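Protein chains in written order, with this note's numbering: chain A, 12 to 103; chain B, 12 to 103; chain C, 12 to 103; chain D, 12 to 103; chain E, 12 to 103; chain F, 12 to 103; chain G, 12 to 103.
Note that these hints are calculated values from the structure, not bench results. All figures in this text were calculated on a predicted structure; none of them were measured in a lab. Treat each hint with caution, since some may be false.
Claimed, not checked - Computed list of chain D residues with no C-beta within reach of chain C, every gap over 12 Å: (1) A14; (2) I27; (3) K46; (4) K60; (5) V100; (6) A103.
Unchecked claim - DSS-like, lysine-lysine: derived pairs with alpha carbons at most 30 Å apart: (7) D:K93 x E:K93; (8) G:K87 x A:K59; (9) D:K83 x C:K67; (10) G:K60 x A:K83; (11) F:K16 x G:K67; (12) F:K67 x G:K87; (13) D:K49 x C:K87; (14) A:K16 x B:K87; (15) E:K93 x A:K59; (16) E:K59 x G:K67; (17) C:K67 x D:K49; (18) G:K93 x F:K59; (19) G:K83 x F:K46; (20) B:K59 x C:K67; (21) G:K46 x G:K67; (22) F:K60 x A:K59; (23) C:K49 x B:K83; (24) B:K60 x G:K46.
We treat Cβ as the ideally placed atom computed from N, Cα and C, and that holds for glycine.
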Amino acid sequence: MSALKPLADRVLIEPIPAEEKTASGIIIPDAAKEKPLKGTVIAAGNGKKDEPMTVKEGDTVLFGQYSGTEIKIEGKTYLIMKEADIYGVFQA
Amino acid sequence: MSALKPLADRVLIEPIPAEEKTASGIIIPDAAKEKPLKGTVIAAGNGKKDEPMTVKEGDTVLFGQYSGTEIKIEGKTYLIMKEADIYGVFQA
Amino acid sequence: MSALKPLADRVLIEPIPAEEKTASGIIIPDAAKEKPLKGTVIAAGNGKKDEPMTVKEGDTVLFGQYSGTEIKIEGKTYLIMKEADIYGVFQA
Amino acid sequence: MSALKPLADRVLIEPIPAEEKTASGIIIPDAAKEKPLKGTVIAAGNGKKDEPMTVKEGDTVLFGQYSGTEIKIEGKTYLIMKEADIYGVFQA
Amino acid sequence: MSALKPLADRVLIEPIPAEEKTASGIIIPDAAKEKPLKGTVIAAGNGKKDEPMTVKEGDTVLFGQYSGTEIKIEGKTYLIMKEADIYGVFQA
Amino acid sequence: MSALKPLADRVLIEPIPAEEKTASGIIIPDAAKEKPLKGTVIAAGNGKKDEPMTVKEGDTVLFGQYSGTEIKIEGKTYLIMKEADIYGVFQA
Amino acid sequence: MSALKPLADRVLIEPIPAEEKTASGIIIPDAAKEKPLKGTVIAAGNGKKDEPMTVKEGDTVLFGQYSGTEIKIEGKTYLIMKEADIYGVFQA
């Protein structure tokens, strides 16, 4: 369980390094204007009024390169961002 | 099935190269201020509260030249954008 | 029937050249800050939630000079714009 | 009847030249930052959802100097603007 | 009765010169960033949907120095502004 | 009773000089980016539709240094601001 | 009990110095673009219409480095900010 419970529509994400080539074969383009990044959802907020969350703990998600705020918990770097900044969820 | 499920009102699109001349005879104008582009819908989100999606997998759509964010899946380039950035759907 | 079905509150319009003098006698002013233009509605979207469309296929409409995005279908130039960018409809 | 039916909350207005001194004695101030102008409502739209129109054909209205877009119908200059750009209606 | 009926949430105000020292003893500060001004409500609109008006004809009101648009009726200068630009009403 | 009744969500406040050291021991920091100030509520508006007021006459409140508009009533300086510009209320 | 009751969706927070290494092992990154900070909730407002508060007195929260306004009560520095500026709550 995460030490930090995100508020409202925020999500705590552990980023997956871009050089790592995953089973699903995603490669981040070299020269794109903006490089989307992948990460694992560590914890999600409870959503806002009438707006439940879609992502859940364990999901692998894609998000914008400049999305969210970086924090460190026990030496590891995480990102905290709003669910609206997440582009999509990778399917198992 | 797409490896990536777009969130909310987002759509995953495989762009169709502009030089390709399709059956419906669309030609992108040379000197337009903004060149609309065509693409195929690969996957669509579930929409937002009270706003179901209109486009669906397989639709050929027209969208703005600068719309969306480029990502690569298994070597192919895709775009992820909000449905509101799509101008229209080509009819079969 | 149009090859392109506009999404939501968008309208596909075939512009009427400004020099054409119509039966209703509209003349576009020479030195206006912004020159409104006339066009024929080729196809209209289905509107947005609780906002049905007012214009329909065949309507002659007036719109701002810089409204919409230019596209070409089978060699002809069209405009795609939101209904809110249309000033009014000419009456038969 | 006007040849042009304004859409939604738009109003078609025939401006009254500022030098014309009317019965109600309105004089437009010389050195104001913005000179309000008078005009006659030629046609009004049907309003927006849950927002019916207040002005009607024949009303004499006051509006901002830079409001609306100029168009010509049969050689006469008109303005088309949103009702929200109209300051008030002169009473008979 | 005023010759001009303000639309929606607008109010027609006859400004009270700042040098006039009233019974209630209001003095406009000399060096304030913005000088609030007093005026008499001459006519008020009917309000907007679900937002009835608070001020009424005859009220003495306080408003921002740069609020509203100046107009002249029969040689007198008035201001027309939205009720939201009025700070408060002086009590009799 | 105040001579001025604030409109809607506005509040009339008599500021308490920053050098005054109160019983509750509040001291305004010297070098803060923005210095919050204390004041006494003299009069409050009736709120906006579905948004009743929280503060009431006599409350000691904290607000931003640049909030509100300064006015003088009978030689005393007051501030008029929206309730949303008030940070909190001091408890007795 | 806090001397200051925050209004609406505001929260009064006592910041925890960044150098302090807590039991949960959070370390603020050195060279992050923006350094999130930790603090203890001293008092929370009653929320806004249909938006109850999530955080409560005693919660340890994470928030942006530039969030809120600094105030001093009895010599101690506090921050007052909107709940929406809080990223998350640390779990016991």
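Now for the hints, and whether the structure bears them out:
1. A14: Given that some Cβ of chain C is not farther than 12 Å from that of A14 of chain D, nearest at about 5 Å, it is violated.
2. I27: holds (18 Å)
3. K46: Answer for K46 of chain D: holds, closest chain C Cβ roughly 16 Å.
4. K60: violated (6 Å)
5. V100: At about 21 Å from chain C, V100 of chain D clears the 12 Å cut-off, so the statement holds.
6. A103: holds (27 Å)
7. D:K93 x E:K93: holds (16 Å)
8. G:K87 x A:K59: Not satisfied, since the Cα-Cα distance of roughly 33 Å exceeds 30 Å.
9. D:K83 x C:K67: With Cα atoms ~24 Å apart, K83 of chain D and K67 of chain C stay inside 30 Å; holds.
10. G:K60 x A:K83: Distance ~35 Å between K60 of chain G and K83 of chain A Cα, so the pair is violated.
11. F:K16 x G:K67: Since the Cα atoms of K16 of chain F and K67 of chain G sit roughly 35 Å apart, the hinted pair is violated (cutoff 30 Å).
12. F:K67 x G:K87: holds (28 Å)
13. D:K49 x C:K87: violated (42 Å)
14. A:K16 x B:K87: violated (37 Å)
15. E:K93 x A:K59: violated (33 Å)
16. E:K59 x G:K67: With a Cα-Cα distance of about 39 Å, the restraint between K59 of chain E and K67 of chain G is violated, given a limit of 30 Å.
17. C:K67 x D:K49: The hint is violated at about 33 Å.
18. G:K93 x F:K59: holds (21 Å)
19. G:K83 x F:K46: holds (10 Å)
20. B:K59 x C:K67: Holds: K59 of chain B and K67 of chain C sit about 27 Å apart, inside 30 Å.
21. G:K46 x G:K67: holds (23 Å)
22. F:K60 x A:K59: Given pair K60 of chain F, K59 of chain A holds - Cα atoms ~23 Å apart, limit 30 Å.
23. C:K49 x B:K83: violated (42 Å)
24. B:K60 x G:K46: violated (34 Å)
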